[in-house]
Each structure stands twice: as structure tokens, then as C-alpha cells.
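Undergrad: Protein chains in written order, with the numbering used here: chain A, 148 to 513; chain B, 148 to 513.
Hints were generated in silico from the structure; no laboratory data involved. Keep in mind that a hint or two might mislead.
[Stated by the list, open to error] A short list of chain A residues far from chain B (calculated; beta carbon distances all over 12 Å):
{"hint": "1", "residue": "P168"}
{"hint": "2", "residue": "P213"}
{"hint": "3", "residue": "A407"}
[To be verified] Straight-line C-alpha distance at most 20 Å; calculated DMTMM-like pairs for lysine to aspartate or glutamate:
{"hint": "4", "chain 1": "A", "residue 1": "K369", "chain 2": "B", "residue 2": "E261"}
{"hint": "5", "chain 1": "B", "residue 1": "K369", "chain 2": "A", "residue 2": "E261"}
{"hint": "6", "chain 1": "A", "residue 1": "K346", "chain 2": "B", "residue 2": "E481"}
{"hint": "7", "chain 1": "A", "residue 1": "K498", "chain 2": "B", "residue 2": "E257"}
{"hint": "8", "chain 1": "B", "residue 1": "K369", "chain 2": "A", "residue 2": "E257"}
{"hint": "9", "chain 1": "A", "residue 1": "K346", "chain 2": "B", "residue 2": "E261"}
{"hint": "10", "chain 1": "B", "residue 1": "K369", "chain 2": "B", "residue 2": "E357"}
{"hint": "11", "chain 1": "B", "residue 1": "K346", "chain 2": "A", "residue 2": "D277"}
{"hint": "12", "chain 1": "A", "residue 1": "K369", "chain 2": "B", "residue 2": "E257"}
{"hint": "13", "chain 1": "B", "residue 1": "K346", "chain 2": "A", "residue 2": "E261"}
{"hint": "14", "chain 1": "A", "residue 1": "K509", "chain 2": "A", "residue 2": "E288"}
{"hint": "15", "chain 1": "B", "residue 1": "K498", "chain 2": "A", "residue 2": "E257"}
[Said to hold, decoys possible] So the derived list for chain A, only partly shown, Cβ under 10 Å to chain B, looks like this:
{"hint": "16", "residue": "R190"}
{"hint": "17", "residue": "Y201"}
{"hint": "18", "residue": "S247"}
{"hint": "19", "residue": "C269"}
{"hint": "20", "residue": "Y312"}
{"hint": "21", "residue": "V325"}
{"hint": "22", "residue": "L327"}
{"hint": "23", "residue": "A349"}
{"hint": "24", "residue": "M350"}
{"hint": "25", "residue": "R393"}
{"hint": "26", "residue": "Q463"}
{"hint": "27", "residue": "A478"}
The beta-carbon is built from N, C-alpha and C at its ideal position, and this holds for glycine as well.
2 protein chains.
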Amino acid sequence: MYSHKLLKPDGRQLTLYSRQPIAEDITAPSPSNEPVRANPHLRWHPLRGEWVAYASHRQGRTFMPPPEYNPLAPTSNPTFPTELPQGKYDVAVFDNRFPSMALAAHNPPESIVETLPAQGACEVVVFTQDASASLSSLELEHLDLLLQVWGDRTRVLGDNPQIQYVLPFENKGVEVGVTLHHPHGQIYAYPFIPPVPAKMLAMQQAYYQEHRRGLLEDLIQKEIADNQRIIYQDDHAIAFVPVCARYPYEVWIAPKQPVANFMDLTPQQRWGLARALKTVTLKYDGLWNRPFPYLMAWFGGPTDGVDHPEAHLHAQFYPPYRTSERLKYLAGTELAAGMFANDALPEEKAKELQAVTVNIEKQIAA
Amino acid sequence: MYSHKLLKPDGRQLTLYSRQPIAEDITAPSPSNEPVRANPHLRWHPLRGEWVAYASHRQGRTFMPPPEYNPLAPTSNPTFPTELPQGKYDVAVFDNRFPSMALAAHNPPESIVETLPAQGACEVVVFTQDASASLSSLELEHLDLLLQVWGDRTRVLGDNPQIQYVLPFENKGVEVGVTLHHPHGQIYAYPFIPPVPAKMLAMQQAYYQEHRRGLLEDLIQKEIADNQRIIYQDDHAIAFVPVCARYPYEVWIAPKQPVANFMDLTPQQRWGLARALKTVTLKYDGLWNRPFPYLMAWFGGPTDGVDHPEAHLHAQFYPPYRTSERLKYLAGTELAAGMFANDALPEEKAKELQAVTVNIEKQIAA
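Based on the provided sequences and hints, a complete structural model is requested.
TA: Have a look at this one:
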């Protein structure tokens, strides 16, 4: 993997990643030259025992791009620069222009609850230059590179002593609020371990201390033995509808052997994950022959400088649909109580996905 | 408050509540005479350490009601019975026909994770016979009755030794997935304390043990002293945008003095809560001059037979909008990490609601 680090005119960082060497003379554009001066802060929620982030962004100068303007495409009209330059590269990562957290955050307001500067990072990951692609249409080699990119970002961000946890995710589809369809994800780097991964790590740690084995590692072995909900597997990686799915079409992807983070993957494990990722997203899109929306998040170990033998890197997909026509709205019992309720069994939904035939070797023309 | 308990032809319970005596000769209809044989089960989610409920319901006989059919209105055409009878009553509560939990649940399937019968209860609370009403349009006396009804249901359900926690809530608006606009809420009664109230109670208990005062009680005193985010207050009750709001227009309603549950409210506190409830919902509807969607949930103490001096009954409103035109989608950082991020400050949103003038004494014609 080759990478090339650039600075945008507004002070934000851009890193290009490629399977080929990257030209040295590329420069980084930005939709705006105004310095990004985000100063988000955190407030303590005393009842829930968690932090909430607040970021109020000044509106920049009026920017009236043409209707076909796509900020994540390489700049084609210099009058309306985008976030990305022309040139040969596969994946690009840059600082979010409207971040919920920023390493330079300072002087949080005084309040009746504890406050902190929201010293984290929010990055945008553009998966490809092709605006019409999706994870399902990218070549396996490209997905393998993306897994390396997530590893590089986890390392770079996690090396900062302020950062305790790095979460790569993708929100996909208007159903989850995404209006920009150029394939991209985000990375949030938190100055604390957020509540959801913290809870999962605590469960994993308790299990590891008792059994000296991984909780997810053992669940995967049970899923293999049960053989009802598996969507993909090879020697190194697996995808399955978990027995305890909270979303009807929830799928998890993981290496079979636990590794704490992307950087710890063997090339064989990474290749398996790329194949699993392509299989799952192709099956999703094939289920109703239309782009399938989801939230995908990758949970690894914290970047707190401590070993985490209990952590087992994996992706969880949360699709918003419960049938082809009906969304699963999160309402009273899910949001207020924290108990998810479903009217379909994971076994039934797994069967639907198992029935979708896909060919991950076939390349789809852009 | 008067109440009258009835049995539907399909075996479900119906209780009518009124400020006036209720006629003895009322009988309970049901859209279907087929016995409800729901048998939901719980599966343990080992990574999150929480229960997930699964209920697969058989489709009943074909039922083709006329387009104006409203299952929550009193039955007007006996060919198409609704859930409710004709007659004089104010509020009605009945067992959900498609429950996520049922006290009679039994023999859960064996699985690779722990399973349990989902022995809880799911009730529907019809707030009024008037299909075009809403909490904001109901008389204060009617809201006061509704608070008593929630108390009666909490007592009745909580008296069952299987039930550990009772959660009354309302999902309102198509934006949160509600297509049935007759004003109604739901009550979920859980055989365990669900994760969200469990966390809040743990935080309250730790605070109570250290300070011998309530966590929310003290937060309310700080909100009053800060005087920036208050939406309503009288001697007994208060409504405010909490300093740590996770949703842009989040509002909490509480008695100023802690009580663990609805049954413990003094008449003065209950009247204050009715006034706060009407004020908040009127302000919501007045903000953009259209019905304002939200999820409202009431958090009290558990019904586990133990005293809970740490618990402080209160409502939390989670509205899905962040501006009049834009929904706040829960995505990566909210759902996958559990850290909420907002681009508006609670102080700004509170100002918007404070600026809406309402008259809670005025009766609105139906």
C-alpha cells in the first residue's frame, strides 16, 4: 500500500492511498479556503453516565455549486473545488469539515455539568473515485486495500495519546439520512472508549478472564456448529446473522481467530474479510435488486496503549429495513428501554440472505 | 378515578378508566375472535449483555375493514369491531394483539445462547375516544386522569412478581413509524430491568449513596439556578431542555421533589405534571404550527418489591427533528458508539421552545 499525505488550503489533512505509487506533484483542494476552526465540546450526561458532543459550526461564505457538484469526486472544475484532487489513487481520507470532535478543541464552556473539549477526530473515507460504485461493486483487491486503510488510520489516530478508541463506519442510503451517494464512510476517533464498545469490551474481558478464550471467538464456533445463520465463510473469515440479531437483517463479519485490530490481521485474514465484505454487500443489494441501506461499524480494541487480548475485531451491519417495504423504526422499547424487539427470527432472515446467489470473483463494470 | 375491567372475546383484557362512574353493561369487542397465542422469547446477546425479544405472529384470518376503519375508535359498525366499545369513559387500556412479551410465554426454543420465555406484558393505552385529539389538546383534568391510569397500570403490572420494570411511552408521528394517529401510547412491562433504566438507576443509586439526595433532584435545582433551559415550572413540577440533551428538542418533565413512581405522586404534583405535559406538547405543536412527532417515555423506579429512594419519576421526550425541515438520523456515532453528537446547543433549542406562547387553560374544541 502506498500513501501520500497532503495539507488542504484550509489546514485540514488529506491522505491518499493506492495500490500503485502516487504522483508526488498532487496538491489538495478544498471547497473552502477558510480555516476550519471547529471547537466542539463534551457535556457529561449524569443520568446515563455518558458524554454528549456539541459542535456549532459557523456557516461559511455562500457557496453555490452547480447541481452536479459532488464534493467527494476529484475536482473537475477548478472554480468549484471538491475535497479531492485529480490523479491516480484508490482511497482518500481527509478531516471532516464539520467535525463533532477536533484535536484542537479547547476552553469548553462552563456548565452545571462537567464539560471537556471534544478532543477527538472525525475523518471522511472516500472508498473510490467512482461515484457510482459501492462496497459491493469494488474489486476484492480494492476492498483489501480499504481494510489496510482502516488499519493505517487506526494506527495513526490511535498513536495520539488523546485518542482511546477509533471507530470506522459507513452510513449508507437516504433511509439512514445519507444524501451524498458517492461511496464513503467515516472514522470517529474518541478521547474515551464510547459506551457501546466499552460494554462489549467489558463482556469480552469478563469472558476472557474466565475462559482464556474470546467471547466472539467461541460464539463464532457455536454459529459454525449450529450452521443456520452463516452467510459466508472460508478458512479465515466468516459472516453471519448473529443468533441475537437486534436488526432483522443484521450481519456480523469477523476473522475466525481473534485479532484486536486491523493492523494485526494476517494478509490471509484480510483477504477473507474482503471476500466476506463483498459477499455480504452483494447479497444485500441482490436481496431486493436495489441498493440496500445500512449502518456498518467496525469494532476493534481500544487504542489506549494497553494489550486487549479480549478484543476481537469485527463489523456489525445494522440495516434499517425489516421487509422490502417496511422500515424498522427504533421506538419506545429500543430507544427508551434498550430492549430490541423483532417479529422475525434471525434464522428466517439468514435464509433470505443465504438464498441470494452472488459471484464475488466477477468484476462489475463501472 | 373509576375503572371497569372487561375480557375481550379473544381472551385479552380491557380496562376502561373515567372521571365518572362507568356503565356496568359495557362489553368488550375485538377485531378478531381468534385467541391470541403469542409466545415470544428472549435471547441473550452475549456481546452487549442484554436481552433481545423475538415474537413471530401468525397472520389471522383475512380482515378487510373499510378505509375509514380505526381500531382505536369505539366500535361504530358491528361488522368491523374495533378494540373499544361505545360508552362513556375517558381512557382505555388493553393487551396488545401482537405483543413483544406475554405473561403466558413458555418453552423458549433452544439456542446457542441462553433463551427465556419473554414473560412480560405489552399494553395499548388509548388516551381519549377523540381520534383527532392529542396530549396537547386534552383538558388538564384528562391529563391528570392519564397520569393516574399510568399509576394504576404500573401498580397492577408491577404487582406481578414476574414484572421488574414498567415503562409507559408514546411514539407519535409518521416520522417515528406511527401510522395510526388516534392518540395512544403503550406500556411495556419487562421481566427484568432493561439496560437504559438500569444504567440510569445505577447512576442515581451511586449518587444517592454518596449525597443522600437525588441525582435528578439536584440536577433540577441546578437547572433552576442556571435558568437557561426551563420550559415550564410551578411549585411542584418542571419541564426543561436538559443541559445534556442528546436530541435537539429533547425535554424532560419531572416533579421537583423525587417520587419513585406515579402511585407516589401527591395530587398537587400530579396536577403540576399535567400542566407541564400540556405546556410542552402545546409548545411542540406550536413551534412549527404542525403536529410535532416525538418518543415520550416515563422512567420510574423498578417494581421489584424493593424500595428505590434513588429513583425519580420523569418523562423524557426524544423528538426526531433537528430543524423544521431536517430529521436527526441516528447513525454511526449514536447507534454504533453510543455517543450522541449535535450541532445545536440545548440553550438555543430551549430558547426556541420558550418563545412559543401557549395557554394551557384554554380548551381546544375537538
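Undergrad: Indicate, hint by hint, whether the structure satisfies it.
TA: Outcome of the hint check:
1. P168: holds (32 Å)
2. P213: With a cut-off of 12 Å, P213 (chain A) remains clear of chain B, as the shortest Cβ separation is near 23 Å.
3. A407: holds (15 Å)
4. A:K369 to B:E261: Judged against 20 Å, a Cα distance of about 13 Å means the pair holds.
5. B:K369 to A:E261: holds (12 Å)
6. A:K346 to B:E481: holds (14 Å)
7. A:K498 to B:E257: Distance ~19 Å between K498 (chain A) and E257 (chain B) Cα, so the pair holds.
8. B:K369 to A:E257: Distance ~13 Å between K369 (chain B) and E257 (chain A) Cα, so the pair holds.
9. A:K346 to B:E261: Roughly 19 Å separates the two Cα atoms, so the pair holds.
10. B:K369 to B:E357: Measuring from Cα to Cα gives roughly 18 Å; hence the hint holds.
11. B:K346 to A:D277: violated (45 Å)
12. A:K369 to B:E257: Holds: K369 (chain A) and E257 (chain B) sit about 13 Å apart, inside 20 Å.
13. B:K346 to A:E261: Holds - the C-alpha atoms of E261 (chain A) and K346 (chain B) are around 19 Å apart, at most 20 Å.
14. A:K509 to A:E288: Answer holds: K509 (chain A) to E288 (chain A) is near 12 Å, not above 20 Å.
15. B:K498 to A:E257: Holds. K498 (chain B) to E257 (chain A) sits at ~19 Å (cutoff 20 Å).
16. R190: OK, holds: R190 (chain A) within 10 Å of chain B, min 5 Å.
17. Y201: holds (5 Å)
18. S247: holds (4 Å)
19. C269: holds (9 Å)
20. Y312: It holds, given that the least Cβ distance between Y312 (chain A) and chain B is near 8 Å, below 10 Å.
21. V325: holds (8 Å)
22. L327: Status violated, d = 13 Å.
23. A349: holds (8 Å)
24. M350: holds (5 Å)
25. R393: With a minimum Cβ separation of about 5 Å from chain B (threshold 10 Å), the hint on R393 (chain A) holds.
26. Q463: Constraint on Q463 (chain A) satisfied, holds at 7 Å.
27. A478: With a closest approach of 4 Å, the A478 (chain A) hint holds.
Violation of the numbered hints given earlier is confined to hints 11, 22; the remaining hints are satisfied by the structure.
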